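Trainee: As a plain string of letters, each chain reads:
Number of protein chains: 4
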Amino acid sequence: MSTLKILVFLGSVRRGRMIERLRKYIETALENHNMQPIIIDPATLGQSSMELNRIPLHFYADGDSDAPTWMKDLNECIRRANGFLILCSEYNCGIPPALSNLLNTFPPWSYKHRPVGIITYSTGNFGAVRVLSVLRPYLNELGMLVVPAYATIPLIQETLDEDGNVISDGQELKHIDKVLSEIKWYAKAIKAYVVNHPIPS
Amino acid sequence: MSTLKILVFLGSVRRGRMIERLRKYIETALENHNMQPIIIDPATLGQSSMELNRIPLHFYADGDSDAPTWMKDLNECIRRANGFLILCSEYNCGIPPALSNLLNTFPPWSYKHRPVGIITYSTGNFGAVRVLSVLRPYLNELGMLVVPAYATIPLIQETLDEDGNVISDGQELKHIDKVLSEIKWYAKAIKAYVVNHPIPS
Amino acid sequence: MSTLKILVFLGSVRRGRMIERLRKYIETALENHNMQPIIIDPATLGQSSMELNRIPLHFYADGDSDAPTWMKDLNECIRRANGFLILCSEYNCGIPPALSNLLNTFPPWSYKHRPVGIITYSTGNFGAVRVLSVLRPYLNELGMLVVPAYATIPLIQETLDEDGNVISDGQELKHIDKVLSEIKWYAKAIKAYVVNHPIPS
Amino acid sequence: MSTLKILVFLGSVRRGRMIERLRKYIETALENHNMQPIIIDPATLGQSSMELNRIPLHFYADGDSDAPTWMKDLNECIRRANGFLILCSEYNCGIPPALSNLLNTFPPWSYKHRPVGIITYSTGNFGAVRVLSVLRPYLNELGMLVVPAYATIPLIQETLDEDGNVISDGQELKHIDKVLSEIKWYAKAIKAYVVNHPIPS
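Chains as they are written, first to last, in my numbering: chain A, 8 to 208; chain B, 8 to 208; chain C, 8 to 208; chain D, 8 to 208.
So that you can see chain A by itself, here it is in the shape it has in the complex:
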């Protein structure tokens, strides 16, 4: 069985974002789980990826021929992914617009029927745990299956250094391992079953 492709969405584009630490840690962690990480960073996707989207891909009149190339490429990438991982802070208890702006650009049927895991982080004591309440139903509405495990990393600046190395006792990071294990299990279960049993569309 070929390596599972996991799209990792970065949920922050703010100057000086701490998410880089988490991204580096996650890339290695996914590889250790024999999964292929594909980082999707709203800040570097393409010319218009840092702009508020005015036309989602599925709203283009004549198919998507006029849509930006990066948008069409990413849609294909989403459709072929075996699972998703969301790395995310919270802004005023809500979903960072960099994340929702990007995810809303594509139709729910591109995400449908693949598992997704959530990892939140913050520099404060609560690890952005409140965004869970809004992120879970949102990803579900996009068609994904939110796995039960999730990870919350408070005080990320004391947990990971700039290269993504662990500088704490690593307690909080054990949950990440569980999230990755669940994504892997569900991705494989779905992949195995869908061969002979088409998913109801």
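Everything labelled a hint here was simulated from the structure, so no lab data went into it. These figures come from a predicted structure and were not determined experimentally. Ideal placement from N, C-alpha and C gives every residue a C-beta, glycine not left out. Do not rely on the hints blindly, as some may be mistaken.
Looking from chain A toward chain B, a few residues come up when the C-beta cut is under 10 Å (computed) [said to hold, decoys possible]: (1) Lys-119; (2) Glu-148; (3) Gly-150; (4) Leu-152; (5) Pro-155; (6) Ser-188; (7) Glu-189; (8) Lys-191; (9) Ile-197; (10) His-204.
To spell it out: a stretch of chain D is covered by chain A in this simulated footprint if at least three of its residues, at any positions, have a beta carbon under 8 Å from a beta carbon of chain A; those stretches are [as the list claims (entries may be wrong)]: (11) 50-59; (12) 93-101; (13) 144-152.
With chain A's structure known, arrange chains B, C and D on it following the hints.
Mentor: Here is chains B, C and D on its own, set in the frame of chain A:
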């Protein structure tokens, strides 16, 4: 493969509840999908099932030996279920306490790693659709996998009669079929894969 | 100006509940703010207050003449209150059913146009902060005005002793003071303005 | 008493947005209520207002001297407003990123202690009512007081024409009137009381 057991939780115990209409319709619909419906009604479970729970099953000191029999039996039933279905109205945009009071009585690991579908209904125009936003993350926290499809039935009194027969054009009911198809697909996919691949606990 | 009456709803009826510590602390704190605390405890209200409600007060056919006395009395008490305070844990990230079962028993117009503050607590690290996301819109739907400040108390067993005395450095409790100040300010502002300007109903 | 200034935030920048119809209707409705509408449109604010924000105003190192002029001006405008009104659709049940991207740009203390009303709309049957569940706690976290009334407009294309004229029987629009009345009442109550009683900060 033996018939899938689907626990159907009734989310209302109010006098004159409309949920009976939906229950009847769903029993037949599940059987038509070759799934076995097991109705769980907070109003008729046992002596204390209509009381606010003071001791969840997993909080009993000496295992669960002192817990009410209906509670221990239902826990076993939950653990053996292949999937779940929630029939639910909304009370002030929130989850009916009859539902949360019952579900909170059991540990998340009893529900874990089984698909769940949501069907909401109301006598008004919005079909209790707002409860979705709070029900999805709640069921997810309990360990279930919320399938993407959901059904919302506005004006239930004009959609189903007291025996659960369709008295409208049935438009709104097509979504129920989709919910049941997805529960079935995921329940089977999980059941097939878990045989040789234990789920990460 | 007469003393402001603040209804304090206890959001837990579980055996061994930690909320007693918080209740005792809050009674004193409200009095120190020159407000009158009126504790509303679902566990001790009346014969049927620990049962899942089947008939909200506003659903009784012939007015509320057949409703339990405690229910009619509490409704009057709610209508005359100047503000509300919710003390609350979280059960699986959701609202404790003891709280929603009680609040749903009364019509939104009984709560309307009075300020409400939220104080959450837990024995863990996050202080039940996730229930905020569902509690705020729920109280708002009931007609109350949720004040901006809220307090979250992690590790309550290390913060308050059984008599409600502070046994920590009190850091987490500073937010409670802010919540009470805001309830007081809004209750007074509304009370002062409503004299000559009836609130739109 | 001078006219109340109400900031009206437009929550959509999508091509062909229906929000223009609602904006026109609201401008007139606010004027009929003797309030001054100030339209805040993310699409036309300034050079960078259509970009994902990388530096919120309160994150600038040396005060806000390097921030774009439109950002500093709008912050002043927010601080001086007497109330807020959110016009908003829902994207996959969530808050449109054009709205959260703009609101997150400013500190909570700029919004604090002013009433806010919510009006949602859609071209479908549910009028984007699901976004309420996430919008209410989000605005509350930003420091605003969400008034109890809200309005939901399904089938907006059959309710208002392109000039904002009513083309339906106007049933759905009655709720808007209630939202505006409540914003006005609370804005005035707060304005009257704050003169001699500083709000706790």
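Trainee: Now tell me, hint by hint, if it's right for this structure.
Mentor: Here is how each hint holds up against the structure:
{"no.": "1", "hint": "Lys-119", "verdict": "6 Å, holds"}
{"no.": "2", "hint": "Glu-148", "verdict": "8 Å, holds"}
{"no.": "3", "hint": "Gly-150", "verdict": "4 Å, holds"}
{"no.": "4", "hint": "Leu-152", "verdict": "5 Å, holds"}
{"no.": "5", "hint": "Pro-155", "verdict": "4 Å, holds"}
{"no.": "6", "hint": "Ser-188", "verdict": "4 Å, holds"}
{"no.": "7", "hint": "Glu-189", "verdict": "6 Å, holds"}
{"no.": "8", "hint": "Lys-191", "verdict": "8 Å, holds"}
{"no.": "9", "hint": "Ile-197", "verdict": "6 Å, holds"}
{"no.": "10", "hint": "His-204", "verdict": "7 Å, holds"}
{"no.": "11", "hint": "50-59", "verdict": "holds (count 3)"}
{"no.": "12", "hint": "93-101", "verdict": "holds (count 4)"}
{"no.": "13", "hint": "144-152", "verdict": "holds (count 4)"}
Of the numbered hints given earlier, the model fails none.
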